[in-house]
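There are 2 protein chains.
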Amino acid sequence: MLKGLMQDRPLLVSSLIEHAARCHPRAEIVSRTAEGTMSRCTYGDLSRRSRQVAAALLALGVGPGDRIGTLAWNGYRHLEMYYGVSGIGAVLHTIHPRQFPEQLEYVINHAEDRYLFFDITFAPLVERLAPALKGVKRFVAMTDRKNLPLSDIPNLLCYEDLIAEANPDFEWPTFDETTASSLCYTAGTTGTPKGVLYSHRSTVLHAMTLCATDSLALSANESALLASPMYHVNAWGVPYAAAMCGMKLVLPGPVHDGRSIYELLREERVTLALGVPQFWSPLFQYLEGMRRNPRKELCLERVVVGGTASSREFVDKLASTFGARVTQVWGMTETSPIGATCPPTAMHADASNVPSEQRGLKQGRPPFGIEMRLVDDAGREIAHDGCTPGRLLARGPWVASGYFKSPEGSRLDADGFFDTGDIATIDADGYLQITDRAADAIKSGDDWMSSIELENAAVGHPAVAEAAVIALDEDGRRTHRLLVILPRTDFDVSRDELLEYLAVKLDRRWLPDDVAFVEQFPHTATGKVRKGRLREMFADHRWPTDLQSQPA
Amino acid sequence: MLKGLMQDRPLLVSSLIEHAARCHPRAEIVSRTAEGTMSRCTYGDLSRRSRQVAAALLALGVGPGDRIGTLAWNGYRHLEMYYGVSGIGAVLHTIHPRQFPEQLEYVINHAEDRYLFFDITFAPLVERLAPALKGVKRFVAMTDRKNLPLSDIPNLLCYEDLIAEANPDFEWPTFDETTASSLCYTAGTTGTPKGVLYSHRSTVLHAMTLCATDSLALSANESALLASPMYHVNAWGVPYAAAMCGMKLVLPGPVHDGRSIYELLREERVTLALGVPQFWSPLFQYLEGMRRNPRKELCLERVVVGGTASSREFVDKLASTFGARVTQVWGMTETSPIGATCPPTAMHADASNVPSEQRGLKQGRPPFGIEMRLVDDAGREIAHDGCTPGRLLARGPWVASGYFKSPEGSRLDADGFFDTGDIATIDADGYLQITDRAADAIKSGDDWMSSIELENAAVGHPAVAEAAVIALDEDGRRTHRLLVILPRTDFDVSRDELLEYLAVKLDRRWLPDDVAFVEQFPHTATGKVRKGRLREMFADHRWPTDLQSQPA
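In the order they appear, the protein sequences are chains A and B.
Those letters in the first sequence? Residues 0 to 551, by numbering that gives the first Met the number 0.
Those letters in the second sequence? Residues 0 to 551, by numbering that gives the first Met the number 0.
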């Protein structure tokens, strides 16, 4: 091989903030803080304070590869940690605060976090956890002295005091781009949390993808509300990509009620918002009771949603309420997370007869860098014909190869593909449609039947607030499908009414075997339905004798 | 350091075309061929035929690192060479056909091209050159048997015959991403051509940049006329980025007359065109004589121009004729070429009082990956204040470190920066403005005086077709500036008239010392004015006694 004669420059997280400081020094980061105030700063400020964080960490004795935990909302200090920690070759371990205490304890100890930084909201939580966190040398409250929590947290430091004297002209070190930059544990719907260890290379390449026009099209011309939490999957990589393109960031902190979000959208002239579909519920509820004119008062043009598939109703509601177009993204902790995006295409329109991929209902196409493969149970490749589902495998520079400290080592198959655990179809133009998690998939003969399509059809009924399909065992096989429904308050709907409604929309063999109603859904920390819990709840379900389908 | 646990996937040119084949198999490539026909194919076809090219090259004995020359227009077979050659670890050497024969001979022999592929247009040229090209084993005419040129070219092969039997399912090899992928010699305005050796890594990272919204915003929703030649700087990297995003490509081949281009724009519903400003002259001339309505007949929305700074008149003319917005790009062979882009910003409008960076007149801001520095003659850093010019240095993963087979080795300074040879200012928001090539720069006291601003002002006069400012020696120093003018046919203008016109537009000390008229401009192969030649022509210029400025 002949080596090219181009410069050997590593892709490092620190170069993102330095680029922003050089080319977008006045672009803003607006935060609602844990202290309840609004804060405005610029990328110029962020660069200086990140360097101070870096210098302060080194002074504390933090070395390359050390893990630094954060329990924090979306805010400027958390952003400083994103750059300050990774920039010195240490590893930012963002911790999902909405886990059970035993899970929190597990991930912090498994990660071997040496320092734990937290927003003051979490002071009581940290106080409870502290005795079990033997590896944590110091706890740092991400606030100033006057807001320092009065608590029994041992070895407590104050963030602002810590960085006040540190050198704002600290020079970022250069190192290999495959060095670990951050760590995030998958919440998972079942099992022990597993740590995904991102690298500088994967983070920067992923950020470049977020800036692509056909991906999330992040840009210096946008004002972006980042609702996706910075404590999970690096907030979809947006904190890095925003610095890359100099995009104004609006960080909502802990306050997600409808009114507060509406005010943020309005006052910060937000053009783009990113988050899970559930984020929008309080806002829709707020607007229902108000005589407001969002299309006139706001300038929201685009909404990026991920985490779960969006329904046609949701897409239409965002369009009718805000005049906003939806970009659907698909991914998971192990894919950084962007594995596919479905931006509005030229043909995307209000017309109801456009194909579903153009309405943003399919998960979309993989960006360059991500390769996808479908396989059957025996691992044989399945054609990309848009109708044959198979297990979805993914390969690419921002896809995980294994989990942190996992005794199993690499999780890749012989061709280097990672098994996502999803069941999906891919069509001839590369459009991906997730039909199930593998654990919830059910076969009718050789066909996988999609529970997601059934769920989407069910939430189309005006009385249905939330729907989940679970596959239940009989004779050790998953053969029966139960549609579990959370009805909307003040609405009434019967099992038979729902089945009739669905029979019009779906092929007969796709209908559920029965319908059950609940008063509350069990959710994971990231807002996904805990289907494992549902399966436990309905393990003894008494099936009707008039089963709609007779599985083989 | 702790290594991340992400997949170790190299960034390779072959993965670009494979991505297009998987996700955009039906997107089109429309070519006007050297044979005079129109040809349509898809990325699916391109993938298959590129694999055939690869397999055929291996069968010919081509090995890793071997250089394969091309003398070809923008067309689908050239595109197949882009992927087929680099995909096997060989090096695509694109050759600029509009050089003097001795330069052509020099670059082909210096590159040690083992095979030379050419469009039939160039058969006479190849025939003349062949005897001097001792290292070339075979010559391949990029055509089919029935169009094979009748000539005395030795060892002639026919492209279509060569690949017809080759395996379309050939599997691309995997190798290190720093491997050389292509080679392009700088035409340069003076001196011996120098070879820039791109790598797979630099090419893929650069292509990702072209897809960024704030860069060239390439997208699957565009139909793009690629006028920038594929024989120079990889046509700005667009052939790679187009596959990355699945963009329709319209390749004009050898025919650039106004009428042909207009028909291409119209029939292929071109939304985006990329090329040097000179490309547009025949089209403007064609439209002057015609009763056509381009704004109605075409859907041209964006024009990307590079190579030279565009004037306000040019930007306004594109807007008024087509309703198209201009994205200015700056770069050079050594920067792949994108070093800065100036896309229309949110504030970009028809209003004449918007700052010049928002009208696309500044060269723009560097994308993430490119760092810029200004230094004075002693190598000391100069502030980015938007008014102090200095030598422009650049650093980044797609900037050259040195030249192919250069005995001098690395051209980088101690901090890893490459000297671009341009004089520029950079403002506090990172906007770059090139004021001069270092060789044409002239100082007034401590100030560099911009010849580019003077040239732009001069072409604003209705009688001026082209203008160039050269600095001429007196007492061994560049102290006098001569404005050389090519008048428009049927227009008449005197030296004094021009000086009066300029005196209204520019500060007095920026005015030239004299004006001279020529009937033709000497140009480089890439359309730049050969200022070195102009300096020779006017070496004995008799300066007027009423010099406008009295340099120190």
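No wet-lab data here; the hints were simulated from the structure.
Misleading hints may appear alongside valid ones.
[To be verified] Listed below are the simulated DSSO-like cross-link pairs for lysine-lysine, each with C-alpha atoms no more than 27 angstroms apart in a straight line:
| hint | chain 1 | residue 1 | chain 2 | residue 2 |
| --- | --- | --- | --- | --- |
| 1 | A | Lys404 | A | Lys136 |
| 2 | B | Lys404 | B | Lys133 |
| 3 | A | Lys404 | B | Lys2 |
| 4 | B | Lys316 | B | Lys136 |
| 5 | A | Lys2 | B | Lys136 |
| 6 | A | Lys2 | B | Lys316 |
| 7 | B | Lys2 | A | Lys2 |
| 8 | B | Lys295 | A | Lys2 |
| 9 | A | Lys404 | A | Lys527 |
| 10 | A | Lys136 | B | Lys2 |
| 11 | A | Lys295 | A | Lys316 |
| 12 | B | Lys316 | B | Lys527 |
| 13 | A | Lys133 | B | Lys404 |
| 14 | A | Lys133 | A | Lys316 |
[What the hints assert, rightly or not] Here chain B is said to cover these stretches of chain A; the calculated rule only asks that three of the stretch's residues, wherever they fall, bring their Cβ under 8 angstroms from a Cβ of chain B:
| hint | region |
| --- | --- |
| 15 | 215-229 |
| 16 | 273-282 |
[Claimed, not checked] Chain A residues, not near chain B, derived (Cβ > 10 angstroms throughout):
| hint | residue |
| --- | --- |
| 17 | Met0 |
| 18 | Ser14 |
| 19 | Pro24 |
| 20 | Val90 |
| 21 | Phe99 |
| 22 | Glu126 |
| 23 | Lys145 |
| 24 | Ser180 |
| 25 | Glu370 |
| 26 | Ala399 |
Keep in mind the model is a prediction, meaning the values are calculated, not measured.
Beta carbons: idealized from backbone N, C-alpha and C, even for Gly.
Indices of hints not satisfied (ascending): Going through the list in order, the structure violates hints 4, 6, 8, 13, 14, 16, 17, 18, 19, 20, 24, 25 and 26 and respects the others.
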